[in-house]
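Undergrad: Sequence:
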Amino acid sequence: MLFIFLKVLITSIIIVVVSEIVKINDRVGGLIAALPFTTFLILFWMNFENATTEKISNHMTYTLIYLIATVPMFLIFPICLKNFGFWVAIFFSILVTLVSTLIIHQMSKNFDIKLF
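Per this note's numbering, the sequence shown starts with residue 420, numbered consecutively.
Hints were generated in silico from the structure; no laboratory data involved.
Computed from a predicted model, the values in this text were never measured in an experiment.
The hints are all genuine.
DSSO-like, lysine-lysine: derived pairs with alpha carbons at most 30 Å apart:
no., residue 1, residue 2
1, Lys-501, Lys-442
2, Lys-474, Lys-426
3, Lys-528, Lys-474
4, Lys-426, Lys-442
Whenever a hint applies, use it, and build me the whole structure from the sequences.
TA: Below you can see the structure in the form of structure tokens.
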């Protein structure tokens, strides 16, 4: 239980630090947020918990596949935000991400990759 608390604490601190940097400098905050901190944290925790090489490798493969599904969200959010406001932008971003994920899921079947 202590280990889970430590994971939450360290991960939360990193997220808070990045969100505070964004307040000071949009460009630097965007760069830091775009870096795969979450992925590295997960890899670190998986390795620390003695996950197999195959498990870690699979995680990275699926992360890449799902990353592709999130790219349209990054394109549509700023456009919707400027034209319709924050909540509409969030709604359409979630919707586009869901649709993109379903498309990626269907496409992955052609390569014998089972996503969900």
